[in-house]
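**Student:** Chains as they are written, first to last, in our numbering: chain F, -2 to 591; chain Z, 2 to 225; chain R, 13 to 279.
Note that these hints are calculated values from the structure, not bench results.
Because the structure is a prediction, the values reported are computed rather than measured.
Any given hint could be a false lead.
Unchecked claim - Here are the in silico distance ranges between beta carbons for each label pair:
{"id": "1", "chain 1": "R", "residue 1": "THR127", "chain 2": "Z", "residue 2": "ALA151", "range": "27 to 37 Å"}
{"id": "2", "chain 1": "R", "residue 1": "ASN81", "chain 2": "F", "residue 2": "GLY554", "range": "32 to 42 Å"}
{"id": "3", "chain 1": "F", "residue 1": "PRO493", "chain 2": "R", "residue 2": "TRP100", "range": "39 to 49 Å"}
{"id": "4", "chain 1": "F", "residue 1": "VAL146", "chain 2": "Z", "residue 2": "LEU85", "range": "34 to 44 Å"}
Backbone N, C-alpha and C define an ideal beta-carbon position, used for all residues, glycine too.
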Amino acid sequence: MHDTAHAHAGQHAAPTSFIRKHVFSLDHKVIGKQYYGLALAAVLIGMFLSWLMRLHLGWTNLAIPGLHLLTKNGAPGDVMTPEFYLQLMTMHATIMVFFVLTTAPFAAFGNYFLPIQVGAEDMPFPHFNMMSFWVTFVAFLVLMSSFFVSDGPTLGGWTQYAPLSAVGQVGGPGEGAGVVLWALSIAIFCVGQLLGSLNFITTTLDMRTRGMSLWRLPLSAWGWFITSVMGLTAFAVLMPACILLILDHVAGTSFFVPANTVMNDQMQPHSGGSTLLWQHLFWFFGHPEVYIAIVPGMGIVSHVLVTNMRKPMLSHRVLVYAMGALAVLSYMVYGHHMFVSGMNPVSSLVFSFPTLVITIPSTIVVLIWMGSLYGAKLRINSASLFALGFISMFIAGGVSGFFLAQPSIDIMLHATYFVVGHFHLVMGVAAMFGIFAGTYFWFPKMYGRMMNETLGKIHFWCSFVGAYAIFMPFHYLGLAGNVRRYQAFAPEYMQPLIPLHKFITIAALFTGAAQLVFVYNLFVSRYKGEPASDNPWQATSLEWSTPTTPPPHNNFGDTLPVVYHDPFQYGVESSTGDYVMQTSPEKASAHDES
Amino acid sequence: MATTVHEPPKIEGQRDPSQSHGGFNSGGQDLVPGNLPAVKRYSPPPASTGIWVVLASITMTFAAFTSALIVRQGSALDWRHLTLPNILYVNTLVLFASSFALEMTRRRIRVVAGGLKADSVDASRWLYAALTLGLLFVVGQYIAWAQLRAQGLYLATNPNSSFFYVLTAVHALHVLGGLGGLLRVIRKMGNSTLRKSTLDATAYYWHFMDGLWVYLLVLLWMKL
Amino acid sequence: MAKLFAVTIFVIAIVSAIPILRHTWWMAEDISTHGAPIDEQMSETMAEAGISFLASQFILGYFIWKFSNPKPGDKIKTFPGGAKAMVWAAFLLVGTEVLALGVFGVKAWANVYFTPPAANAVPVEVQAGQFAFYFRYPGPDGSFGPIHPDMISEANQNFYGLDTDHDADSKDDVVTAEMAVPVNREIHLIMHSKDVGHSFFVPELRVQQDFVPGMDLSVHFTATKIGRYEIVCTQLCGLGHYNMKAYLSVLSPEDFDAWMKKEKAMQ
Chain F
-2 MHDTAHAHAG
8 QHAAPTSFIR
18 KHVFSLDHKV
28 IGKQYYGLAL
38 AAVLIGMFLS
48 WLMRLHLGWT
58 NLAIPGLHLL
68 TKNGAPGDVM
78 TPEFYLQLMT
88 MHATIMVFFV
98 LTTAPFAAFG
108 NYFLPIQVGA
118 EDMPFPHFNM
128 MSFWVTFVAF
138 LVLMSSFFVS
148 DGPTLGGWTQ
158 YAPLSAVGQV
168 GGPGEGAGVV
178 LWALSIAIFC
188 VGQLLGSLNF
198 ITTTLDMRTR
208 GMSLWRLPLS
218 AWGWFITSVM
228 GLTAFAVLMP
238 ACILLILDHV
248 AGTSFFVPAN
258 TVMNDQMQPH
268 SGGSTLLWQH
278 LFWFFGHPEV
288 YIAIVPGMGI
298 VSHVLVTNMR
308 KPMLSHRVLV
318 YAMGALAVLS
328 YMVYGHHMFV
338 SGMNPVSSLV
348 FSFPTLVITI
358 PSTIVVLIWM
368 GSLYGAKLRI
378 NSASLFALGF
388 ISMFIAGGVS
398 GFFLAQPSID
408 IMLHATYFVV
418 GHFHLVMGVA
428 AMFGIFAGTY
438 FWFPKMYGRM
448 MNETLGKIHF
458 WCSFVGAYAI
468 FMPFHYLGLA
478 GNVRRYQAFA
488 PEYMQPLIPL
498 HKFITIAALF
508 TGAAQLVFVY
518 NLFVSRYKGE
528 PASDNPWQAT
538 SLEWSTPTTP
548 PPHNNFGDTL
558 PVVYHDPFQY
568 GVESSTGDYV
578 MQTSPEKASA
588 HDES
Chain Z
2 MATTVHEPPK
12 IEGQRDPSQS
22 HGGFNSGGQD
32 LVPGNLPAVK
42 RYSPPPASTG
52 IWVVLASITM
62 TFAAFTSALI
72 VRQGSALDWR
82 HLTLPNILYV
92 NTLVLFASSF
102 ALEMTRRRIR
112 VVAGGLKADS
122 VDASRWLYAA
132 LTLGLLFVVG
142 QYIAWAQLRA
152 QGLYLATNPN
162 SSFFYVLTAV
172 HALHVLGGLG
182 GLLRVIRKMG
192 NSTLRKSTLD
202 ATAYYWHFMD
212 GLWVYLLVLL
222 WMKL
Chain R
13 MAKLFAVTIF
23 VIAIVSAIPI
33 LRHTWWMAED
43 ISTHGAPIDE
53 QMSETMAEAG
63 ISFLASQFIL
73 GYFIWKFSNP
83 KPGDKIKTFP
93 GGAKAMVWAA
103 FLLVGTEVLA
113 LGVFGVKAWA
123 NVYFTPPAAN
133 AVPVEVQAGQ
143 FAFYFRYPGP
153 DGSFGPIHPD
163 MISEANQNFY
173 GLDTDHDADS
183 KDDVVTAEMA
193 VPVNREIHLI
203 MHSKDVGHSF
213 FVPELRVQQD
223 FVPGMDLSVH
233 FTATKIGRYE
243 IVCTQLCGLG
253 HYNMKAYLSV
263 LSPEDFDAWM
273 KKEKAMQ
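Pulled out of the complex, with its shape left as it was, chain F reads as follows (with noise of 0.2 Å):
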């Protein structure tokens, strides 16, 4: 029997009206740059709460003008109250690690990329797609919303710790209503993800078009369909997690306060709850959560390099397999984040170890990259710039993971500045530089010019030793044994550390005025860039073989590519130059492992 409906799956017609076209569009195209521009918005404000943190941090007592306005009763006289540094710091990670690194490199570029790198018309379930937007969308002013209850957003770290995250108002301020905002909408957030999901994984099994195996897939996509696992898995485990901390909230159960909690010399009405039980849930999606924050950014990273190397890596397959095994240890580890939670401490040792053997196929994948660098015929531009940025980032970021595994070492540095260091580089500076590749380098296909190359590479090297000159002092501040998430430095032996805050400071107003370039180059370039040709890089996947530039709304006009090769056919010879498209039938060269 001819089942000739799966065909057409994922295929609709072109939108007319400006709403469907541009708001509640079904287009992956539409919707990918949709999370771009919220993952944009976030970052600046995200961005914007790091400075306010820097500044006090540096100078306590210095009045911030015009503080005031953002909040109701933290900045008396606009210098920042404890409470304030501690709802501003627990929104900056929230947005950062929800709504900036999760967005951006894998829902903003995914959507976009994916089904055209697997040479579809679109993904299978396209209204799905638009609600995991829409209820993103939600999540982000729902969790902004919090800046204007009455006591502000909470104060209790993205990381949420129990008991402090579910006695409620008496907590402090913003344990109250800020929790609940903040659950709630981190449990919008885990439907529009997992709903993404969905639409990756099928997107990745089922859509590819005739010729694309799985080992045809680009790096990139191969990033985005690990992801998109790990994301289904870890979302699915964080959603109850809230759903719990809000019941404790709002219907007074006890899954996370025990019994005898006295605050105020008042007991809690509260009885036998688990504070380790947060702290499991939490982590079991917290340590994947890294790696759905970096690994999209690998693969993009690996996409940018092997096009701009002009020479195949030096396995494509190594390389997948040692992301999929990122991705399944992730899921082992988690407890390294609870050495010294009062967790038994033989658990301790069973989790450090996996940890330990992270290190191997990061290492891998490192080294599978700098053994690709050898003999290249490398380009320098603001793509290839910003990926191996990223390279020197994860290393920098990846070798403070020795100390943090152990947990001997880690009675030393747990809390401490070292691990605020440590993920800054390794998933937050890595990350956005994945993301900022990704951008220089797709742009043109997204919006039909090019961006400006000098002001990208002002960027690339404002950033790149920025973030060294913030980010590598987080670690001896660590070492130093400065406690993080202080608003000040109360203890005696912290004092001699604050000049290196005040240098801190003053490094991250200057790398972070550096990203207003790119938020320009961005704006002036997609009205004012010199126009793209259909393959400015000469690249050889999919995406740079649509019939127009952008791609018209089913991606490849009439009929969809049939697919010839491996994606990266470079350092051959051929009629085109030094690289075959996957769609070309030409013979290509040993390269070809499938």
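We have chain F; now place chains Z and R onto it with these hints.
**Tutor:** Relative to the frame of chain F, chains Z and R by itself:
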């Protein structure tokens, strides 16, 4: 906005429509030296993959709830015994009956599948039966909650009742989602756009709800 | 541009390493008996991480320098060992070394957590609450009186919720705002939180342990150097988190007895 400056490399025959429609079997490879491996012409319909993805994520969610229950039980001395309302066992049978009815629908539609309208009135009847029984299950769950409330057992009364309400409510929400799916099947059957894969996916989901319910019932019976 | 990049990476790598090598900002000096293996573990890990960091940044910079801006006639080359060499290198060089570190680290961890406190260890109880630590000594009877959470009251200075009228064990308990311990005696620290999560961190002692509400945990340590140190909270506990600290005085046995006498008089 196809403003092309440098003409991209065009390869002869790249977009020849005649080639992308079945022209490439073994004979096709003689025409071109590129390597077109034997990838299935035909990938499965996305709904039949998608449903497993959905079920995997629901499984993860309930695994998380289960581990929460076990950890919470072990963490304190306030764990009490809770007698499950008897109506739950009736509800179980109702849910199974609903699944059976949907399976009967599928049997009858299979004959005329492929985006066709079910011409057998029988199929629609079974489908409506499945929908009604599903609704009945949710009503039955509601009665179970009402019975517990009558005993003075509310959501926050003790950890057992908390877990009972949370697990059954989240399951009931999933069942309601499944009922939405059934309504969609009915609508699509009405205007002859029902795909076999959609019906199959809905049926798998519906049967999965049975399995999940039995699992929850056993869990609650053992632990509460 | 590529050469500039390479040079920048070299400079950044070296500048980053200098404060580490010079110990410009470094861990406070160890005053515990169990800290030496931790410090040793730290310096070994630092050596390995440092070498990995410098070597890989240098190689990255060198490759970028060497293989960019190709001349027209240049051909691409493949790394002689191929991917296999990289996988082996990752397993043998990095994997085994890091795992070896982990194995040696077990000793340092076991030292702290797998040995029971000595029978003659001095028992001290610490209670964490928003945003202060309070300490309790059992007094001559050697046992702590029971805690009545409903009697905890900052206003009445009954920080522990002790019922000295009814509980015999509570009568001689000594509650203090500062911690004092005799030098070179093992201390058995019993940890109890009255509200949310906190943590007990004394960098010099190489001790960091979370308080878990609803669970009483304990650690044990021996301080070897007389002095005054700071105890800080490292688990976010609310708006006063940054200011939650207490002092730890390590005293000679005579001074400790005198201190105890004075505190007892103040009860």
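**Student:** Next step is simple, just say for each hint if it's right about the structure.
**Tutor:** Right, here's what the structure says about each hint:
1. At about 55 Å, the beta-carbon gap between THR127 of chain R and ALA151 of chain Z misses the expected band of 27 to 37 Å.
2. For ASN81 of chain R paired with GLY554 of chain F, a C-beta distance near 38 Å keeps the hint of 32 to 42 Å intact.
3. The hint said 39 to 49 Å for the Cβ distance between PRO493 of chain F and TRP100 of chain R, and at roughly 45 Å that hint holds.
4. Separated by about 39 Å at the C-beta atoms, VAL146 of chain F and LEU85 of chain Z satisfy the suggested range of 34 to 44 Å.
The earlier numbered hint that this structure contradicts is number 1, and it is the only one.
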